[in-house]
Structure formats: C-alpha cells, structure tokens
Amino acid sequence: MGLLLAYSLRNLLTRKTTTVLTAAGMALVVFAFASIIMLAEGLEKTLVDTGSDDNVVVLRRGSGSEVQSGVSRDQASIVETLPEIALGPGGKKLVARELVVLITMTRRASKASANVVVRGVSETSFLLRPQVRLAAGRFPSPGLSEVMVGQSIAQRFQGAQLGNEIFIGGRNWRVVGVFHGGNTGFSSEIWGDVDQFMQAFRRPVYSSVIFRLSHSKLYSTVRDRMNGDPRLTLEAKRETQYYRDQSRALSTFLRVLGVTLTLVFSFGAVVGAMITMHSAVATRTGEIGTLRALGFQRRSILLAFLVESLALGFIGGAVGLLGASFLQFFTVSTTNFQTFSELAFSFTMTFDIVYKAMGFSLIMGFLGGLLPALRAARMNIVEALREV
Amino acid sequence: MLLKILLRNAFRHKLRTVLTICGIAVAIMAFGLLRTVVSAWYAGVEASSANRLITRNATSLVFPLPLAYKDKIRSIEGVTLVSYGNWFGGVYITERNFFANFAIEPRVYLEQYPEYVLSGQEKEAFLRDRRGCIAGANLARRFNWKVGDNITLKGTIFPGDWELVLRGVYRGREDNIDENQFFFHWDYLNESLRKTQPGRADQVGFYVITIAHAQEAAMISDRIDALFRNSFAETHTETEKAFQLGFVSLSEAILTAIRLISLVVIAIIMAVAANTMGMSVRERLGEYAVLKTLGFGNLYVSLIILGESLVIALLGGLMGMAGTFPASQMVGRAVGDYFPVFMVTRQTLCLAFSAALLVGVVASLFPMWRASTVPVAEGLRRVG
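Chains as they are written, first to last, in our numbering: chain A, 1 to 388; chain B, 1 to 384.
One or more of the hints may lead you astray.
In silico DSBU-like cross-links for lysine-lysine, where the CA-CA straight-line distance does not exceed 35 Å [said to hold, decoys possible]: (1) B:Lys4 - B:Lys292; (2) A:Lys217 - A:Lys16; (3) A:Lys16 - A:Lys356; (4) B:Lys123 - B:Lys70; (5) A:Lys217 - A:Lys92; (6) B:Lys154 - B:Lys241; (7) B:Lys195 - A:Lys45; (8) A:Lys237 - B:Lys292; (9) A:Lys111 - A:Lys45; (10) A:Lys45 - A:Lys217; (11) A:Lys111 - B:Lys241; (12) B:Lys292 - A:Lys16; (13) B:Lys146 - B:Lys123; (14) B:Lys123 - B:Lys195; (15) B:Lys154 - B:Lys123; (16) B:Lys70 - A:Lys111; (17) B:Lys72 - B:Lys123; (18) A:Lys92 - A:Lys45; (19) B:Lys154 - B:Lys195; (20) A:Lys217 - B:Lys154; (21) B:Lys72 - B:Lys154; (22) B:Lys195 - B:Lys4; (23) A:Lys93 - A:Lys16; (24) A:Lys93 - A:Lys237; (25) A:Lys45 - A:Lys16; (26) A:Lys16 - B:Lys154; (27) A:Lys16 - B:Lys14; (28) B:Lys154 - B:Lys70; (29) B:Lys72 - A:Lys111; (30) B:Lys154 - A:Lys237.
Just so you know, the hints here were simulated from the structure itself, not pulled from any lab data. All figures in this text were calculated on a predicted structure; none of them were measured in a lab.
If we strip away everything but chain A, and leave its shape as in the complex, we get (with noise of 0.2 Å):
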C-alpha cells in the first residue's frame, strides 16, 4: 500500500502544471470562503466584544438600538434608584446616562461619507467600559468643548485626529485625546461630555442608561422591577444581548453570501478536479493494468487515486488558508445597517472556520476524484494492459 501512496503523490509532482491549476482553482474557493466566514466572524467578535455581561443598557421600549431611544431626566433618575446596580470605588453607584446621535463625517481614503457614533458619557462611562484605554492624548474635561475619538475614527476620517478641531451640533471641539477600545465597537466611536453635547445637539432627553449589576443573576430581577414600574416605558437588556442583536442582521447576510457563494464556485473547482483525475485515470490506463496484473486488488487502486484526489484538495486547501490568513491584517470599516452606523472590524480566522475550510476542501477533491477513481478500480486488466 505504501507503494501505491506514493506512487499517488509522486504522479501529482510529475504533471506539475496540471496540479498546480487545478489545486490553484480550490485554493481561490477556499480562499473565498475562508474571508466571507472570517468577516462574518469579525464582526460578531468585535460587536459582542463590546458589551460585558454584567451591564446592562436601558432603552426606550420598541426601540432596536440607542440612536432611535429616548430615556427622559426624570426616568433616568428612576433608573438610577434601582438597588441591585454595584457599587463603584467611592461609594459611587456605577451607573452612566449617555446620549447617542449620528453625525456626518468624510472618509480621509475615499472621500466618502459615512455615519459616525458621538457618544455623550458621563464620568462612571469609564469604569462601566474598562476596554477603553488612552492612547494619545487626556480624557476630555467635563463641561469643556472637547471630545476624544476612537482609534479607527483617527485613522480613517478627515479632521479627527489629536489637536484638530471636529465641528459638530454648531460647535467647535477639540480633540484632545485618542483611545483604544480593544476589539470593540468603541474603537469606532467619538466620546465627550453628555451635558455638553445634550445642550449642543438640542436634546433635552438621554438615549440609553447604562449600570453595573451588583451580582450577575439579579439581571432577571431588575428586568422585572422595570416592567412592572408604570413610570418607566424602558426595556433592558444585557448589554452583550444588546450587541448581539446589533450585528444578527450584518453577519447573517455575510455568511449567507459566504456559503451560497461558496456552494457555487466549488462547482467549478469539483469539475476542475475531476478533468484532472480523468485524464490521470487516462494516461495511466496501462500503468493501472500492470498493477493489477502485479496483484494489487481494485480495493487499493480505488484508494490510490482517491488519495491522490484528496492531496490535491489538501494542497489547495492549505494555500487557500494560508492565503486567508495574512487578511487579518486587515480591517473593514463599513456600515453596520441595523444601526445605521460606521463600525470597523477585521477579518477573524479561528480554529473552526481552518476545519470548516479544510473539510470543504477536502470534499471537493473526493468528489472530484471519486468517479475517475472508480473508473480506474473497475478497469479490466487485459484490456487496460493492452493500452500500452
């Protein structure tokens, strides 16, 4: 059997042209299937990224993201009363109204314009979102004209990097620093005061009440309390869940396109594969008979060019992924349709999008090499030797 593998495998190294092509044709399949689910992957990770379990957001009821709430003063302060939100160093409770809007930036690349997150936060946003760290610059200082951005804004929009000024809401403000949100939706966002902005922008409401849960569990209590309470028309949510439902919609349409895609274009590198396993079938024809007239049973010719099949489907797999891999050093920046906003995120490979890919891989080189493999182990000796 040995002989026979590598037989298999030293056929693939003669006919170099032809395996290179076609295992080049299942490397772009792998390739493109690999970046669609890595996509999907990366947005997923980033938006569920950036919520953390024990917080919670609080909206308006009915409204799907925190550009469409409104959560007044006086419900605010409702909120604030809760008793199962923690309690912070201080003695502060770990509680923060924030207001959401979008505004209208220019792509420094494309000149574009795309919909950009102003957050307004308040001091505790800090400690709620311990992701966020400097990295340029200072905090900007309440009751000042003064914001600091996200490290994907400071990249990749016009006027938003440290010392310029960023007009918005018919005010001037200066960014004063730049900070890393991790992984996270943040890093995509432009943060300043609350006050500032609410007076700034018009808005006499907030959009969103974010707290700290004291333990985890009471999160179906506090869901409770709010539903039952006739002075509150909110709803909270986890602020995990309230990401994830943010990117259902995005990565949904990635990875359908993804695997619809995929299911296509693999069509092409299966017939690619099987012309290449025919005509391997077919020039060999007598090399076949010889074997079988040494005693090897059709058991192990079957096997022999499914292997070869297989390798081919390896190796295309394997350049495929590799080829994958180096895109995540990339990050896309587009619009996130559910919120309507720009989010930045970069391609994600993990150890189970590499199986899926080399599985799929794999499959389309068995597929290919199955009926020309069978038409080598079902070959009458005689007439196969006679073929010389």
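Take the given structure of chain A and dock chain B to it, following the hints.
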C-alpha cells in the same frame, strides 16, 4: 468549415469538454448574479431624477429640520415644488418584516414623483384620509394587503402604535422603480406628536425640492445651504442622485468585496479552462507536429488552439448568461425585501460575455506557446 474543425476538436474528449463547459457556465452565472447584486445596490441611484434635490440636516440624517424652512426654500428662485417627510422607521408586526416607511406631505410629494403611479381614485382617497397610507405593489403583495385594510405600525423612533388604512397601491412607471415603499400623512404623525411629545413636533427629516432646470442644481443647493448657515439647524443640500449615492457608499466595503469575489470566480474558472486546454494540447502535440510538417505555420496552429478554447469558453459563457436570468429571478424573490429592484442589466451581460472571452483567450495562451515552440521532431516522437 473552420468552425466545424474547432467544434470537432473541442468535443473529441466529450466528458472533459462537457465538464469544462458546465464549469464555465456555472462560473459565468455566478459572475452575472454577483454583478446583479451590485447593480441592485445602485437601483435607487439609477431611478433618481436630476431635477430633484434633497435637503437634510448638515450634522447627519438623524437630526431634524424645522418645518419653517419650507417657505424659505420655496421662495428661492428656480425652486418649483417643495415637500417634506420623515423616515418613520416603523415595524409591521415583527422586525423581520422590514420595509421603508415614510411620513410625507402627500400632495406635493406625489406631484414630485410622477414615477409612482396611482389611479386617480386611489390618490383622491389617500389625500382625503388623514390616516390613509399607500404602499408599493410588491409590498402589498408581500403582506397580502388590499385597499381598505387596517395596518398598524409600531414606532421605533416615534413610540406607540400607529393605525393606518391602506388607501392605494402604487406601481412604478418604469421597471427600476422601487415598489416596496410605504407612505402615510406627515400631518398624522405631527398631530400625534403635538399631543405626546410637543418638543418633537413641527420638525421634518428631509425636504424634497424640485427645481425648474437641472443644470442649476449646484447653484440652488448652495443658495439653500447659505440661507441657513449659522442657524440652529444648518442644512446640507444635494441632488437626489448624490443623496442616494451617499447611501450606497455607506456599504462600499461590502460592495468592493463582492466585486473582488466576482473576479475570484473568473480566476477559478480560468484555472480550470487552462487545465483543460493544456491537457488537450499535450495529448495532441503529435498532430500539431504533423500539421507543421505539412507546412502550416505556427500562427495557424495557434489559431486552431485559440479557436478551440474560445468555442468552449463561449459555449459555457452563453449558457451561463442564459442561466443568469432564472437564477437572478430566484435570488430576487428571496432577497426582495432588501433589494427591491433586482434586474439583470445589459451592462452585466456585456461584462459576463467579456469575462467568458477573457477566460477563453487566457486559457489558450500557454498551450499556444507550447504548441508553437515544440520542435517538430520531438512532437512527432511523442505518441498518445
């Protein structure tokens, strides 16, 4: 005669050729489908009129403009009609049933958009009923709405349940008009807001402005924006086309990805076709050597190979192009809620055809070089 030789040559190895043609057909179909997805994105841009301008808040679309701007805009020279509206963002039963719904000032708006065709009777009924609404034909079909039905939208931006009565179903005047939209009276929205949230009343999301001469668009836009500079709500005015393009550019990363992928599929099939041609030529090197011995030049031999490759690629390409129509109809039905206009355009077909042509040419390059450079003696020596 020559074509006959090419066809005979191409189908000498039937299984391989049929497989290759199928592969190319599927790839070209996928290519056509992807391009159709891209052009579906641009449907709104294609359908926009050069005579219409859109004014919105300069900060971004989520900020409103005062209703009082209407008369000021109306008084600018060159402006003939002004209407206004709000993106309502209502949800019908569940969030899955997404469709665009607007609260508009109906009388002028319908005059500005003659491409939304409504029978005189339906139009009259809609204008007269303050709680009336109209829906596109596709939308009405999707939810099985009949004129006279009660429709309740749940507000996401404007809280509450909004009860409406369907008074008409509009059709697009051309094929590329979005028949998935939903309109109702802005007055209905505004009067309710006055009662529940007086702070948000008398504000509109956007103005639609019709101008007399399309070439004055830039000038009039500047004039409108200058009028409101340094006010509480500065405006940003652009042509409808630019406005729609702005929406497209929001998802430009995804569009770029789809464009790239449509090239990948061509590359995949190029590899397959090149493989097929390479094999055919390798098997027939002896015959080409014979041809050369008989006095046919390298050019002739190359042309035979090129022709064969083109026959295969174009057969596949034409099949694929034919398949694009039913395929895009199927996909169009599946994603119709998000892409209201899903049509195969002539440009898509041209691109698909050129792609097939390119595949044919590229696939034959290496074999051509091989066949024309191989020495006659060596070619003859090879058997099989």
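Taking the hints in turn, this is what the structure says about them:
Proximity of B:Lys4 to B:Lys292 is assessed by CA-CA distance (about 20 Å); at most 35 Å being required, the pair is judged to hold. Between the alpha carbons of A:Lys217 and A:Lys16 the distance comes to roughly 62 Å, so the proposed pair goes past 35 Å and is violated. This hinted pair checks out: A:Lys16 and A:Lys356 have alpha carbons roughly 27 Å apart, not beyond 35 Å. Taking the CA atoms of B:Lys123 and B:Lys70, the gap is near 23 Å; set against the 35 Å cutoff, the hint holds.
Distance restraint check for A:Lys217 and A:Lys92: the Cα-Cα separation of roughly 21 Å lies within the 35 Å cut-off, and the hinted pair is therefore satisfied. Of the pairs offered as hints, the one joining B:Lys154 and B:Lys241 holds, with about 30 Å between alpha carbons and a cut-off of 35 Å not exceeded. Simply put, B:Lys195 and A:Lys45 have alpha-carbon atoms about 43 Å apart, too far for the 35 Å limit, and the pair is violated. Straight-line distance between C-alpha atoms of A:Lys237 and B:Lys292 comes to about 79 Å, which puts the hinted pair past the 35 Å bound.
A distance of roughly 28 Å separates the Cα atoms of A:Lys111 and A:Lys45; the hinted pair therefore holds under the 35 Å criterion. About 24 Å separates the Cα atoms of A:Lys45 and A:Lys217, which keeps this hinted pair within 35 Å; it holds. The straight-line distance between the Cα atoms of A:Lys111 and B:Lys241 is roughly 17 Å, inside the 35 Å bound, and the hint therefore holds. Taking the CA atoms of B:Lys292 and A:Lys16, the gap is about 27 Å. The hint holds against a cut of 35 Å.
The suggested pairing of B:Lys146 with B:Lys123 holds, with an alpha-carbon distance near 15 Å, which does not exceed 35 Å. With a C-alpha separation of about 28 Å, the suggested pairing of B:Lys123 with B:Lys195 holds against the 35 Å cut-off. Restraint check for B:Lys154 and B:Lys123: satisfied, since their Cα atoms lie roughly 25 Å apart, inside the 35 Å limit. Taking the CA atoms of B:Lys70 and A:Lys111, the gap is near 30 Å; set against the 35 Å cutoff, the hint holds.
Distance restraint check for B:Lys72 and B:Lys123: the Cα-Cα separation of roughly 28 Å lies within the 35 Å cut-off, and the hinted pair is therefore satisfied. Proximity of A:Lys92 to A:Lys45 is assessed by CA-CA distance (about 31 Å); at most 35 Å being required, the pair is judged to hold. For the hint linking B:Lys154 to B:Lys195, the alpha-carbon distance of about 18 Å falls within 35 Å, and the restraint holds. At most 35 Å may separate the alpha-carbon atoms for a hinted pair to count; A:Lys217 and B:Lys154 meet this at roughly 31 Å.
As the CA atoms of B:Lys72 and B:Lys154 are separated by approximately 33 Å, the hinted pair is consistent with the 35 Å bound. For a cut-off of 35 Å, the pair hint linking B:Lys195 to B:Lys4 is broken: about 81 Å separates their Cα positions. A distance of roughly 69 Å separates the Cα atoms of A:Lys93 and A:Lys16; the hinted pair therefore is violated under the 35 Å criterion. Between A:Lys93 and A:Lys237, the direct Cα distance comes to roughly 19 Å. Compliance with the 35 Å bound is thereby established for this hinted pair.
Distance check on the hinted pair: A:Lys45 and A:Lys16 sit about 41 Å apart at the alpha-carbon level, beyond 35 Å; violated. For the hint pairing A:Lys16 with B:Lys154, the CA-to-CA distance comes to about 63 Å; that exceeds 35 Å, so the pair is violated. In summary, the hint linking A:Lys16 to B:Lys14 is supported, as the alpha carbons are separated by about 24 Å, within the 35 Å threshold. Distance hint between B:Lys154 and B:Lys70 is fulfilled; the C-alpha atoms sit about 28 Å from each other, no more than 35 Å.
Between B:Lys72 and A:Lys111 the alpha-carbon distance is near 31 Å, which keeps this suggested pair within the 35 Å criterion. For the hint pairing B:Lys154 with A:Lys237, the CA-to-CA distance comes to about 19 Å; that is within 35 Å, so the pair holds.
The structure shown violates the earlier hints numbered 2, 7, 8, 22, 23, 25 and 26.
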